[in-house]
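Asks: Read top to bottom, the protein sequences are chains S and C.
Under the numbering used here, the residue at position 33 of the first sequence is numbered 142, and the numbers go up by one with no gaps.
Under the numbering used here, the residue at position 11 of the second sequence is numbered 120, and the numbers go up by one with no gaps.
Just so you know, these hints were derived from the structure itself, not from any lab.
Take the hints with a grain of salt, since some may be wrong.
Identical chains share a label here; the pair holds if one copy fits it or two copies do between them.
[As the list claims (entries may be wrong)] Here are the simulated SDA-like pairs of lysine to any residue, each with C-alpha atoms no more than 20 Å apart in a straight line:
no.	residue 1	residue 2
1	Lys142	Asn293
2	Lys251	Pro234
3	Lys244	Gly207
4	Lys154	Asp299
5	Lys244	Asn208
6	Lys239	Asn208
7	Lys142	Ser190
8	Lys244	Glu258
Protein chains: 2
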Amino acid sequence: MNQEQNEKSFAVSRQVKSRLPRYYRYLKELLDKGIFRISSGALAKMMGLTASQIRQDLNCFGGFGQQGYGYNVKFLFSQISEILGVNDNFRAVLIGMGNLGRAMAASNVFLSRGIDLVALFDKNPQIVGKSIAGKTVYDAKKLSSFLQENHVDIAVLTLTSSEAIAVSEELKGLGIKGIWNFTNVEIPSDETVSVMNVYLGDSLMQLCFDVRNREGKQHPDSTEV
Amino acid sequence: MNQEQNEKSFAVSRQVKSRLPRYYRYLKELLDKGIFRISSGALAKMMGLTASQIRQDLNCFGGFGQQGYGYNVKFLFSQISEILGVNDNFRAVLIGMGNLGRAMAASNVFLSRGIDLVALFDKNPQIVGKSIAGKTVYDAKKLSSFLQENHVDIAVLTLTSSEAIAVSEELKGLGIKGIWNFTNVEIPSDETVSVMNVYLGDSLMQLCFDVRNREGKQHPDSTEV
Numbered sequence: 110m111n112q113e114q115n116e117k118s119f120a121v122s123r124q125v126k127s128r129l130p131r132y133y134r135y136l137k138e139l140l141d142k143g144i145f146r147i148s149s150g151a152l153a154k155m156m157g158l159t160a161s162q163i164r165q166d167l168n169c170f171g172g173f174g175q176q177g178y179g180y181n182v183k184f185l186f187s188q189i190s191e192i193l194g195v196n197d198n199f200r201a202v203l204i205g206m207g208n209l210g211r212a213m214a215a216s217n218v219f220l221s222r223g224i225d226l227v228a229l230f231d232k233n234p235q236i237v238g239k240s241i242a243g244k245t246v247y248d249a250k251k252l253s254s255f256l257q258e259n260h261v262d263i264a265v266l267t268l269t270s271s272e273a274i275a276v277s278e279e280l281k282g283l284g285i286k287g288i289w290n291f292t293n294v295e296i297p298s299d300e301t302v303s304v305m306n307v308y309l310g311d312s313l314m315q316l317c318f319d320v321r322n323r324e325g326k327q328h329p330d331s332t333e334v
Numbered sequence: 110m111n112q113e114q115n116e117k118s119f120a121v122s123r124q125v126k127s128r129l130p131r132y133y134r135y136l137k138e139l140l141d142k143g144i145f146r147i148s149s150g151a152l153a154k155m156m157g158l159t160a161s162q163i164r165q166d167l168n169c170f171g172g173f174g175q176q177g178y179g180y181n182v183k184f185l186f187s188q189i190s191e192i193l194g195v196n197d198n199f200r201a202v203l204i205g206m207g208n209l210g211r212a213m214a215a216s217n218v219f220l221s222r223g224i225d226l227v228a229l230f231d232k233n234p235q236i237v238g239k240s241i242a243g244k245t246v247y248d249a250k251k252l253s254s255f256l257q258e259n260h261v262d263i264a265v266l267t268l269t270s271s272e273a274i275a276v277s278e279e280l281k282g283l284g285i286k287g288i289w290n291f292t293n294v295e296i297p298s299d300e301t302v303s304v305m306n307v308y309l310g311d312s313l314m315q316l317c318f319d320v321r322n323r324e325g326k327q328h329p330d331s332t333e334v
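Isolated chain S (complex conformation) (with noise of 0.2 Å):
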């Protein structure tokens, strides 16, 4: 990515920054079919999205698409990983090795973004040292050092909300630049890291709201999580 296309995607609206994953999920299906060639209208059709939407999502990244030819899938794809850091190599830690820390561990959501995990934090004595998902669990005591001898971009929070704060407080200034949080606490991003937060509880209610409005709506939108 040049330096013009990468000033580019700092203009990006969070709108369309939201979509962009799930452009890479599509993108990545078509090239699993072996499909190497899109129009906007085909790949609209498949994404529920008009044609001219997709023109101008992607415009947003320089223009991809050819008059007449469509998008090269893979160059689509390409470009969409680059522009997502999938080819950064950016290594993470897990913290907190309760059920949700496990189903993390164990699924291959960091392999198939190109992230590495690369180590997995527990305070619990029973849990430390054990193997999960064949990683060994670390004592959350030796987490400061370890990022002090270690490069690690993302720390990934599924402990407990109580712990959240005083976690993420140690996380600082120790190198870490994200924080995918799965706790209930809020915390912001400021200048040293940015934040996503992840309410699972946040869609199960958009869906109640859906259930309970149905009768006054035809086709409720599913894809905005």
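Following the hints, position chain C against chain S.
Replies: Just chain C now, kept in the frame of chain S:
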């Protein structure tokens, strides 16, 4: 909620709808702290929004704030709970008792939103019959008959992606009105069922995007997941 308010709630924009669960969380926090009255300015500061946005959002539901008094937190919370269906006694089943299913069953995500998790299902004979978080796991073969015999509103899909479509088809016509889908397969909403597709990986990618583009940004918004 009377008919007039109910009709109003249909007209709520997707943006406002998506913010409601966050209002719910913040208002609950205020109540837990014994704060029963708050100005739009103070609520705005807490939530990182503008007072005008707060007033605009809440006006969609009938403008509960009073000039010079602010919002009655308890009343506002009860109204938003009502709108979100928290008091509707929705009943849910969880299908797929792998790591994520176990994490969900053990969490308070259902109970704290007034939803009764009535049964767990899995197809693995080694798990069927066992108790998870105090609930018995039923054989997935009995899902249809269970739904015919019991009133269930919401099905939570924590099974593998390859089973997602078949199970979601099976659920239709059995009274399920909402699907909370954690598989990687995008299930569309239709005239019989509302679907909330949750892609955990999408928020991870948005975080990577933020981390990658940090230098050019001040405070990326972290709350829209």
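Asks: Where does the structure disagree with the numbered hints, that is, which hint numbers, in rising order?
Replies: Violated: none.
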